[in-house]
Amino acid sequence: MDELAKRISCEVQGDPSVIIEGVNTLDAAKPGELSFVHNEKYVSQIKDCKASAIVVPYDLETDFRPLLRSRDPYVTFGEAMRIFLPRRQRPMPGIHPSAVVAESAQVDPEASVGPYCFIGEGSVIQGAATLMAGTQVGDGCWIGPSVWIFPQVVVGARTRVGEETVIHPGTVLGSGLDPDKEISEDAPKYCVEVGRDVEIGANVTVEAGSKNPTRIGPGTKIDNLVRIGSGARIGDDCIIVAQVSIGAGAVIGNNVTLAGQVGIEPNRQIG
Numbered sequence: 001m002d003e004l005a006k007r008i009s010c011e012v013q014g015d016p017s018v019i020i021e022g023v024n025t026l027d028a029a030k031p032g033e034l035s036f037v038h039n040e041k042y043v044s045q046i047k048d049c050k051a052s053a054i055v056v057p058y059d060l061e062t063d064f065r066p067l068l069r070s071r072d073p074y075v076t077f078g079e080a081m082r083i084f085l086p087r088r089q090r091p092m093p094g095i096h097p098s099a100v101v102a103e104s105a106q107v108d109p110e111a112s113v114g115p116y117c118f119i120g121e122g123s124v125i126q127g128a129a130t131l132m133a134g135t136q137v138g139d140g141c142w143i144g145p146s147v148w149i150f151p152q153v154v155v156g157a158r159t160r161v162g163e164e165t166v167i168h169p170g171t172v173l174g175s176g177l178d179p180d181k182e183i184s185e186d187a188p189k190y191c192v193e194v195g196r197d198v199e200i201g202a203n204v205t206v207e208a209g210s211k212n213p214t215r216i217g218p219g220t221k222i223d224n225l226v227r228i229g230s231g232a233r234i235g236d237d238c239i240i241v242a243q244v245s246i247g248a249g250a251v252i253g254n255n256v257t258l259a260g261q262v263g264i265e266p267n268r269q270i271g
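Each residue of the sequence shown is one higher than the one before, counting from 1 in the numbering used here.
Derived by calculation from the structure, the hints in this document are not laboratory data.
In silico lysine-lysine, BS3-like type, Cα no more than 27 Å apart, as pairs: (1) LYS189 with LYS211; (2) LYS6 with LYS50; (3) LYS47 with LYS30; (4) LYS189 with LYS221.
With these hints in hand, go ahead and build the complete structure from the sequences.
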């Protein structure tokens, strides 16, 4: 556990030699597995937990040992999941015969472009990126290395997606941009900018920025059915739960959690 604590930036409280071989939820965890508690209302469940260790906030009081103390147990447990859970098997590199790729687009030989995908003019698909069936990438986009885009995602024109980001089915990045409208001189290079290591759930809508890009910071995790308004800025390592609506021009700071169905007014600043 001592080695795991170093990898996920936690402080060990208890026996550091405990062996951790997997991760699980609080009620289902078994000996050898790691679980987590992020809120005091779940403390009563700890006494029945069979996990070998639990990730908890620094200010949570419990007699359970050993513990991994973390500033943000949600994020920390997510990092532990990456270590223990098997990675997705990427498809073979190459472009499926049914895909349509614009002449000026650049697709890295290590990238995988699935059936019925479309890649627009001037777009760049970097190494080991995966575009699954039916993905649409508009003109002037940049898709970073090791990005994974699930089926039926629409990446609107002039969208940048950072490396190792995952986008789940049915999501639309860059909605509301008129492809036939002439681009003004003061328009941003990208209408939507998604940072490195972001995860975006299913059926999320991210509206295109006009004068300023709509930004999602590195490490942020977004649940299903979230709407992000034009020109909104979301900081690093945020957690946005299902059915949140963020108004146009709103600014969300780093390490902010927005619980389910929260509504943020346009131009409001949080964190």
